[in-house]
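Whole structure, please, built from the sequences with the hints as guidance.
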Amino acid sequence: MRLTETMRYENVLRDITTAQQRMYRAQEQVSSGKKVTKPSDDPVAAGDILRIRSEQSENAQYSRNLSFVTGKLQFTDNALGSMHDLVHRAVEVAASSLGSMDTPNPDPADTYVQEINGIRDELLGGANSQYGGRYIFGGSAITQPPYVKDPISGVVTFNGNSDPMALDVNRGVPLNTQVSGFEALRFTETVTDQNGQPQQVEVELFDQMAKLMSAIQSGQKPQIDEAMRKLDAITEKIDIARAKIGNYETRATSVESDLVAAKLARSSELTEKEAVDLAAAITELTASQQNLEATLAVGANISKISILDYLK
Amino acid sequence: MLFGPVLNTAMKAMMASQYALSVASNNIANANNPDFTRQRLITRPSHVDTAWGIGTGVDVVGVEAFRDHLVETRYRNALSARSGAEMQAGRLSDIEGLFNDANGTGLSKQITNFFNSFHDLAQDPASMPYREQVRTRGIALADAFKSKDRELSKARTDADRSVNWDVQEINRLSREIAGLTAQIKSEEPTNGALELRDRRVALVKELSEYVQVDEVDGSEYQLSTQGGHLLVVNNVSQDLTAQGLTSSVGAGKLAADLETRDNFIPKYQAALDELAYRITTRVNELHSAGYNLDGTQNNFFAAPAAVSGAANNFALSAEVLGDPRRIAAGNLTSGTDNGAATAIAAVLSETDASGRSVMDQYGSFVSTIGSDVSVADAKVVEQSALETQLENRRQSISGVSIDEETLQISQFQRSYQASAQLLQVVDELLQVTLGMVGR
Chain A
3 MRLTETMRYE NVLRDITTAQ QRMYRAQEQV SSGKKVTKPS DDPVAAGDIL RIRSEQSENA
63 QYSRNLSFVT GKLQFTDNAL GSMHDLVHRA VEVAASSLGS MDTPNPDPAD TYVQEINGIR
123 DELLGGANSQ YGGRYIFGGS AITQPPYVKD PISGVVTFNG NSDPMALDVN RGVPLNTQVS
183 GFEALRFTET VTDQNGQPQQ VEVELFDQMA KLMSAIQSGQ KPQIDEAMRK LDAITEKIDI
243 ARAKIGNYET RATSVESDLV AAKLARSSEL TEKEAVDLAA AITELTASQQ NLEATLAVGA
303 NISKISILDY LK
Chain B
124 MLFGPVLNTA MKAMMASQYA LSVASNNIAN ANNPDFTRQR LITRPSHVDT AWGIGTGVDV
184 VGVEAFRDHL VETRYRNALS ARSGAEMQAG RLSDIEGLFN DANGTGLSKQ ITNFFNSFHD
244 LAQDPASMPY REQVRTRGIA LADAFKSKDR ELSKARTDAD RSVNWDVQEI NRLSREIAGL
304 TAQIKSEEPT NGALELRDRR VALVKELSEY VQVDEVDGSE YQLSTQGGHL LVVNNVSQDL
364 TAQGLTSSVG AGKLAADLET RDNFIPKYQA ALDELAYRIT TRVNELHSAG YNLDGTQNNF
424 FAAPAAVSGA ANNFALSAEV LGDPRRIAAG NLTSGTDNGA ATAIAAVLSE TDASGRSVMD
484 QYGSFVSTIG SDVSVADAKV VEQSALETQL ENRRQSISGV SIDEETLQIS QFQRSYQASA
544 QLLQVVDELL QVTLGMVGR
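Residue numbers (our numbering), protein chains in the order written: chain A, 3 to 314; chain B, 124 to 562.
Just so you know, these hints were derived from the structure itself, not from any lab. Nothing here was measured: the structure is a model prediction, and the numbers come from that model. C-beta atoms are modelled at their ideal positions from N, C-alpha and C, and glycine is treated no differently. A couple of the hints might just be wrong.
Said to hold, decoys possible - Derived DMTMM-like pairs: lysine to aspartate or glutamate, alpha-carbon spacing no greater than 20 Å straight-line:
1) B:Lys502 / A:Asp43
2) B:Lys328 / A:Glu12
3) A:Lys37 / B:Asp526
4) B:Lys502 / A:Asp17
5) A:Lys151 / A:Glu124
6) A:Lys246 / A:Glu185
7) A:Lys306 / B:Asp526
8) B:Lys308 / B:Glu343
What the hints assert, rightly or not - Covered stretches of chain B (chain A as the covering partner; in silico rule of three or more C-beta atoms under 8 Å from a C-beta of chain A):
9) 184 to 197
10) 212 to 222
11) 244 to 250
12) 481 to 492
So this is what it looks like as structure tokens:
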């Protein structure tokens, strides 16, 4: 096949360009540390990388949700604990009042009533606890105090609901974050009335506190006993609520380890798909540099040869 | 009388050598022009009408150019294919740059940030700051979609402008080719018109970059696109109109621009619209079932009229834009539970009927663009290799080799020297002869 100068030069140029492109690609990989810098580098991997990054972002958000939940649950647990102790104290005060009534010199009912009133106000504060500025015992009624005391009659009413305010802490894993006062501070019991018919009667904390205070005030022992019994039952309810919160906390811990494991898995998946093997990339860079040098040297040498050098 | 023919023969030989040297010199002068076809002097032994059939020298008959039409045609077609593939790869690569999440230019960050903001709102559904965050991120998402759609529309307009430019160029070249054909026809009988043919070949080659052409060069000259549009008939050119052209006009830059404008970009815009429609419709569905802080219900996004155009019209609803209180977090009329916020946040990982989540859909969209570019790049490599091979073949046939020309020059130099030497000898002999006479 005939060879012309044009062919020779074009071929040399083409070879140099190819070698340069190879070196440029190797440089890009080494300096960015990535195999995939644009979708066309590896279209399937590019789609996967997007998915992984999105999952990482989701995972980070779930971690944030989880810390929020953990903090709130812990706070709720403490608040319930305080309330348990307060109710217990109220019962003890009532027992003391009973004891004092049996003595020759009974203390005035007022002292006991005052103390229990103080405890009741503390309990009101506890039931209206706020976490991050939001009320936690009123279900979804988080902007208004769930327990409202009428200033005149002193009657405390509950204005909330029992929404557990669940929050997703992982895909499809909602975790309840609240136990409402409806559940923790009251219960219903069946009582037979005068006609022998079963009746549902509501037993509620503040209602019982009020009954206790009036019973002590009027010195009615059986009513005091009754109120004490019911308040004891309420402390059990509070304990059950605390156990529930404990359960949520346990679940939160297990979700946390899931999230951590997922984070590690995503991270290594991403590295595998996206990151370049630095050793291999640097080897390729060196090889391509040598290739370019060789091409340039050969190209320069070939173009020197011509018959014109030899003709006299 | 005997020496006459010898002198004549020698003189004709020397002239032929001079002509040959001219041709060689012309070849060398044009050696670097890739469109130049090397030429050779055609000579023929002179007509013999002497005694015993002794030859009378050499006649210069003409100059021929070395070209192989088949190789040239195949080379031109490969050139068209490569030009088209390069243009296509370039345009698609530009579009790929719009959706390169690896470099932070894609939509994935805005999408995940938007849905994450609803998780934050679910933590505290009465929060105004979290609502502000949701609104800000919603605006960012809407703006991102709008801007990508506008970029695609702009790319489409650019492709359209390119198509018109390509057609203009094709028509300009057609006209020049027609003019040259007229010139060739008129000058060929007298001076061979070889360089005019070379110029025409160069023009047809330039035209081939825009569209693949079929050339018929017999008694009539005809140039038409591969798709059948007539461009040149003898000395008359026919303008191509951009109206109604599809990529079937023939491989080349024009077809690439047409494909970009009519096939690729609409495909990408449709996919973007589908994603936008899915997000806005689903979020609206969940949001309008919930209650905002005022206890009323409204959409979160402006409801798109149809799938087509959903990306360009991606916007927050007037209610939410005007007042973040109108963002619903809860499903109860009191508006402070977190049911709606939780449900909306979960949309990111929700799968549709075909099992794809929002992110899967976006990922597949980006993958499609990536593989379109990758296929175009591969085509460029493939077509370039073919083009190179054919160019080498063509050069091998038609190109000038300086070494070869130099050797030829030596050859003609020797034959000229030989003829000149012969003249000298004949001159001496004549002198001897004259010396014999006239005593």
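Results for each hint:
The suggested pairing of B:Lys502 with A:Asp43 holds, with an alpha-carbon distance near 15 Å, which does not exceed 20 Å. Using a Cα cut-off of 20 Å, the hinted pair B:Lys328 and A:Glu12 holds, with the two alpha carbons roughly 18 Å apart. For the given pair, A:Lys37 sits about 47 Å from B:Asp526 by alpha-carbon distance, which is inconsistent with the 20 Å threshold. Of the pairs offered as hints, the one joining B:Lys502 and A:Asp17 holds, with about 19 Å between alpha carbons and a cut-off of 20 Å not exceeded.
For the suggested pair A:Lys151 and A:Glu124, the alpha carbons sit about 12 Å apart, so the restraint of at most 20 Å is met. Proximity of A:Lys246 to A:Glu185 is assessed by CA-CA distance (about 11 Å); at most 20 Å being required, the pair is judged to hold. In summary, the hint linking A:Lys306 to B:Asp526 is supported, as the alpha carbons are separated by about 12 Å, within the 20 Å threshold. Proximity of B:Lys308 to B:Glu343 is assessed by CA-CA distance (about 10 Å); at most 20 Å being required, the pair is judged to hold.
Only residues whose beta carbon comes within less than 8 Å of a beta carbon in chain A count, and the region 184 to 197 of chain B has 0; fewer than three means the coverage is violated. Taking a C-beta to C-beta cut-off of 8 Å, the region 212 to 222 of chain B contributes 4 residues in contact with chain A, enough for the three needed, and the coverage statement holds. Restraint check on the region 244 to 250 of chain B versus chain A: 5 residues with Cβ-Cβ distances below 8 Å, three needed, restraint holds. Residue count for the region 481 to 492 of chain B with a Cβ under 8 Å from a Cβ of chain A: 9. That meets the three needed, and the coverage hint holds.
Going down the numbered hints, you'll see the structure goes against 3, 9, while the others check out.
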